[in-house]
Amino acid sequence: MWRFIGVRLLQAIPVILVVITVTFFLVRIAPGGPFDSEKAVPREVKAALEAQYKLNLPLFQQYAAYLDDLAHGDLGPSFKYPGRSVNELIAAGFPVTAELGLYALLVALGIGGLAGVCASLKPNTAQDYIPMSLAMIGICMPSFLLGPLLVLLFGIYLDWLPVSGWGDIPGDKILPSITLGAGYAAYIARLGRAGMLEVLSQDYIRTARAKGLPRWQVVFKHSLRGGLIPVVAFLGPAFAGLLAGSFVVETIFQIPGLGRFYVQAAFNRDYTMILGTTVFLSVLIVLFNLLSDILAAWMNPRLRAQFGGH
Amino acid sequence: MIEAHTFRFLLTLATVILLAACSGGESNVASGNREGILYFGNGSEPQGLDPHVVTGVPEHFIIGALFEGLATKNPYTLEPEPGVAQSWDISEHGRVITFHINPRARWSNGESMTAADYVWSWQRLLSPALGSEYAYMLYPVKNARDFNKGAITDFAEVGVTALDDLTLQVTLDERTPYFIQLMDHYSTFAVHRPTIEKFGQMTDRYTPWTRVENMVSNGAFRLRDWQLYRRIEVEKSDTYWDRDNVKLNGIVFYPTENVVSEERMFRVGQLHYTGSVPLGKIPVYQEMADSPYRQAPYLGTYYYLLNTTRAPTDNLKVRQALSMAVDRDSLNKNVLKGTNLVAYSITPPDTLGYYPPKLFSHDVAGARRLLAEAGYPDGRGWPGLELTYNTSEDHRKIAVALQQMWKDALNIEVTLTNQEWKVYLDSITQMDFQIARRGWIGDYVDPNNFLDLFLSGGGNNNTGFADPRYDDLILRKAPQASTREARYAVFHEAETLLMEQMPIIPVFTYTSKHLIHPSVNGMPPNLMDWANFKYVWLDQDWRASEAGD
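Read top to bottom, the protein sequences are chains A and B.
Our numbering applies: residue 1 is where the first sequence begins, and numbers increase by one.
Our numbering applies: residue 311 is where the second sequence begins, and numbers increase by one.
Among these hints, one or two may not hold up.
[Said to hold, decoys possible] What follows is a list of derived Cβ distance ranges for each label pair:
hint: 1; chain 1: A; residue 1: Leu145; chain 2: B; residue 2: Gly366; range: 27 to 33 angstroms
hint: 2; chain 1: A; residue 1: Ala65; chain 2: B; residue 2: Glu336; range: 51 to 57 angstroms
hint: 3; chain 1: B; residue 1: Ser640; chain 2: A; residue 2: Arg43; range: 39 to 45 angstroms
hint: 4; chain 1: B; residue 1: Val674; chain 2: A; residue 2: Phe144; range: 39 to 45 angstroms
hint: 5; chain 1: A; residue 1: Pro58; chain 2: B; residue 2: Asn524; range: 33 to 39 angstroms
hint: 6; chain 1: B; residue 1: Val367; chain 2: A; residue 2: Arg43; range: 54 to 60 angstroms
hint: 7; chain 1: A; residue 1: Pro214; chain 2: B; residue 2: Lys591; range: 53 to 59 angstroms
hint: 8; chain 1: A; residue 1: Ser37; chain 2: B; residue 2: Glu543; range: 26 to 32 angstroms
hint: 9; chain 1: A; residue 1: Leu145; chain 2: B; residue 2: Ser397; range: 56 to 62 angstroms
hint: 10; chain 1: A; residue 1: Ala126; chain 2: B; residue 2: Glu336; range: 42 to 48 angstroms
[As the list claims (entries may be wrong)] Here are a few chain A residues that face chain B, going by a calculated C-beta distance under 7 angstroms:
hint: 11; residue: Val27
hint: 12; residue: Ile29
hint: 13; residue: Gly32
hint: 14; residue: Ala40
hint: 15; residue: Ala48
hint: 16; residue: Gln52
hint: 17; residue: Pro82
hint: 18; residue: Ala91
hint: 19; residue: Pro95
hint: 20; residue: Ser164
hint: 21; residue: Gln254
hint: 22; residue: Arg269
[Unchecked claim] Straight-line alpha carbon distances no greater than 30 angstroms define the calculated DSS-like cross-link-like pairs of lysine-lysine that follow:
hint: 23; chain 1: B; residue 1: Lys546; chain 2: B; residue 2: Lys557
hint: 24; chain 1: B; residue 1: Lys452; chain 2: A; residue 2: Lys46
hint: 25; chain 1: B; residue 1: Lys452; chain 2: A; residue 2: Lys39
hint: 26; chain 1: B; residue 1: Lys732; chain 2: B; residue 2: Lys707
Don't read these hints as lab results, they were simulated from the structure.
The beta carbon of each residue, even a glycine, is placed where N, CA and C say it ideally should be.
Based on the sequences and whatever the hints tell you, model everything.
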């Protein structure tokens with residue numbers, strides 16, 4: 001088990017290095033620089049600006065300097081926000097995005113898991129078709145449509161919930177969490193249904209039923225764990241996706257999260273911010289994929305035996 | 311059935327949580343009116359709060375609340391009013407201005423403000439190493455340009471001197487009628503030297519002196535809280551010299567980047583004021599009784615650059631034909647919902663009493679004739695033309711409308727290309743385009759702010775237009791004019807020269823568009839779209855007074 005984790009972490013280092021290198025050069029190749037603005041500035045001023053951020057050095061020297069700073073945990077100063085470091089911006093944005101992602105994941109698991117299990121219990125009946133059709137709509141409906149619809153209904157017509165913000169007004173976290181979680185709930189419903197159907201057709205379930213166990217016991221005690229393995233395997237990428245993909249929801253609800261910083265940084269050509277966020281998110285994605293593999297292994301006795309053997 | 315029970319239970323639970331979490335409380339607007347706190351939709355997160363480093367409108371509003379310049383502006387008339395300087399004298403030839411600093415002017419830490427604060431601050435702004443993008447605001451000052459470009463290094467040669475603690479003398483290269491206006495631009499504000507030096511050197515862009523716990527400012531308000539991407543709060547300063555006339559107790563600035571969300575926040579009472587209004591919502595608001603929608607002319611022009619160095623727009627007749635074929639009234643009415651003012655030249659009308667010339671009008675027959683004379687009768691032999699704009703739904707709509715107008719009127723094909731903002735900036739700077747969308751917002755109310763764009767080789771010219779007669783009028787004749795009328799006559803002559811060469815297609819004059827809650831007073835519309843927060847007050851009984859009308 002430890003060896004498995006160690007190997008995976010070692011494998012991650014070259015991956016992240018490649019990500020850094022590619023990003024570093026790509027952002028510099030993109031037309032337009034961080035200090036291009038609508039009002040042209042004198043050449044001398046622009047040169048002074050670039051010198052303040054070492055952009056006057058040869059590209060490879062900049063790259064080496066960046067790696068050196070990175071090795072010391074310093075992601076550099078933001079170009080767009082003078083006086084702020086990238087570390088500081090990430091520290092401000094990440095907890096918000098993580099909290100949003102976590103709530104969205106809970107929403108997704110709650111709604112999706114329930115719908116998937118219900119559907120699998122009576123396949124090809126209304127109890128299957130209705131949640132599965134809803135799930136299909138959920139997958140197809142983008143958050144930039146669902147978000148405003150929910151806001152219109154709950155925020156404006158019913159006036160039950162705040163229309164934007166995060167942690168400013170009680171209840172303002174509900175709509176964004178649902179909006180972000182909905183698409184994933186749909187995936188989880190379909191994955192859960194498929195997984196449960198497979199388990200429910202296994203011999204040991206038939207045996208359990210034949211023994212006369214109550215139905216809830218068959219479902220919750222014997223089937224659920226096996227049936228939800230595909231869901232758990234999906235959780236790692238899903239959470240990483242929630243973190244990296246929360247931009248749209250953060251924009252709709254004006255949430256001060258990392259996703260918004262990230263996309264703004266790309267528009268602003270804020271080189272250090274783009275790089276810093278990319279590095280940070282790649283590390284997270286690697287970690288979450290690993291975590292979900294470990295969790296899936298723990299839930300699946302066959303895989304667990306494999307690890308135990310090593 | 312057990313799962314049905316579970317279902318019902320969870321459903322009930324979810325509903326209870328949802329209801330329990332419901333806001334239902336008092337809105338920002340209601341509590342703000344009672345406590346004297348203005349909730350202000352401010353467009354985006356400010357880059358920072360260092361007046362010499364940042365650029366942009368959201369920064370302008372916050373810095374305007376935290377700092378005050380030597381002179382400020384009356385929001386109703388835009389005429390200069392005393393700020394840190396209680397008065398100023400202008401010498402007869404207009405080249406020496408003496409500011410008398412108000413002895414009651416204080417920093418927020420209680421220290422008195424001095425003329426030396428300005429000498430040091432202006433040295434900072436003009437130091438090449440700081441890389442300030444607004445350093446050119448002080449270029450009218452003697453030797454300021456040379457110092458900023460590194461041609462001279464001794465700041466003593468620059469025309470700014472502290473005669474004593476409360477007297478600041480500024481020497482200009484030439485008479486500059488708008489110089490006092492520049493004293494209300496944040497780039498010319500004083501910053502607190504000991505605070506900046508405590509956290510770094512004079513020319514460091516990257517220090518924490520603007521943090522809540524560190525900042526020292528001199529305006530009607532001081533910084534209270536700054537939560538990145540969430541809100542910035544300022545509170546009334548008790549050291550400000552004119553504090554008795556400040557009515558608000560505080561302002562909360564929200565970075566409302568998404569205009570659609572901002573409008574929703576306004577609708578549910580989270581904001582008193584929105585930075586803008588989504589175009590699609592404007593007709594709805596316009597039809598409301600007692601509408602909170604406010605629209606006013608704005609000191610900015612929307613136009614297209616024509617590349618005069620490339621075929622076919624190197625041909626004057628082609629440029630004229632393109633511009634004359636545009637039906638601006640129809641565009642404004644049908645595409646822009648009547649929210650702007652049509653423009654036939656670059657300077658907005660009534661720029662402090664100046665009106666631009668109108669040399670042409672919508673004339674399809676004339677445009678067709680000119681195109682034929684240029685060698686493309688009825689569009690035959692037309693080589694094609696590419697129009698570049700920065701990605702935005704509104705710019706696209708306008709470009710599509712023009713494309714269609716040119717097709718209908720001149721029978722020519724124009725293709726549209728949209729580019730992401732920085733790519734677009736790169737294209738126009740390199741003049742890598744044929745026609746490109748452009749907007750210009752004035753920094754001060756004076757025709758010079760628009761007309762000096764088109765000086766030969768100017769950084770914001772972007773058209774290839776160059777005419778020594780034009781340069782002479784703007785650079786020499788206008789500053790020499792001794793009266794406003796004479797000066798405006800020179801500008802009129804220059805602008806006529808410009809529009810005869812048609813290096814741009816003027817489209818419209820911008821308007822400012824806001825939603826403003828009826829309880830807000832002292833925030834009149836003006837050409838600069840500028841609020842002087844000192845004047846703003848909130849009417850707690852706005853409903854009652856409305857009912858009494």
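Just to be careful, I want the Cα atoms of Lys452 of chain B and Lys39 of chain A compared with a cutoff of 30 angstroms; is the pair within it?
Roughly 23 angstroms between the alpha carbons, so the hint for Lys452 of chain B and Lys39 of chain A holds.
Arg269 of chain A was flagged as interface toward chain B. Is the shortest Cβ-Cβ separation under 7 angstroms?
holds, 5 angstroms
How does the Cβ-Cβ distance of Val367 of chain B and Arg43 of chain A compare with 54 to 60 angstroms: does it lie in that range?
Violated, since Val367 of chain B and Arg43 of chain A (Cβ atoms, about 26 angstroms apart) do not stay within the stated range.
When the nearest CB of chain B is found for Ile29 of chain A, is that gap smaller than 7 angstroms?
Ile29 of chain A check fails; min Cβ-Cβ to chain B is 12 angstroms, beyond 7 angstroms.
Checking hints one by one. Is Ser164 of chain A an interface residue toward chain B, by the C-beta closer than 7 angstroms rule?
holds, 5 angstroms
Given a cut of 7 angstroms on the nearest C-beta pair, is the interface hint for Gly32 of chain A held or broken against chain B?
Since chain B brings a Cβ to about 3 angstroms from Gly32 of chain A, closer than 7 angstroms, the hint holds.
A closest beta-carbon separation below 7 angstroms is what the hint needs, so does Pro82 of chain A meet it against chain B?
At about 4 angstroms, which falls below the 7 angstroms cut-off, the nearest Cβ of chain B leaves the hint on Pro82 of chain A intact, so it holds.
Closest C-beta approach of Pro95 of chain A to chain B relative to 7 angstroms, hint status:
violated, 11 angstroms
Do the beta carbons of Pro58 of chain A and Asn524 of chain B sit within 33 to 39 angstroms of each other?
holds, 36 angstroms
Range first: 56 to 62 angstroms. Now tell me if the beta carbons of Leu145 of chain A and Ser397 of chain B are that far apart.
holds, 59 angstroms
Chain B contact restraint for Val27 of chain A - C-beta distance below 7 angstroms
violated, 11 angstroms
Hint validity - Ala48 of chain A Cβ closer than 7 angstroms to any chain B Cβ
Since the shortest Cβ distance to chain B is 4 angstroms, the answer is holds.
Against the hints set out earlier in the document, violations occur for numbers 6, 11, 12, 18 and 19.
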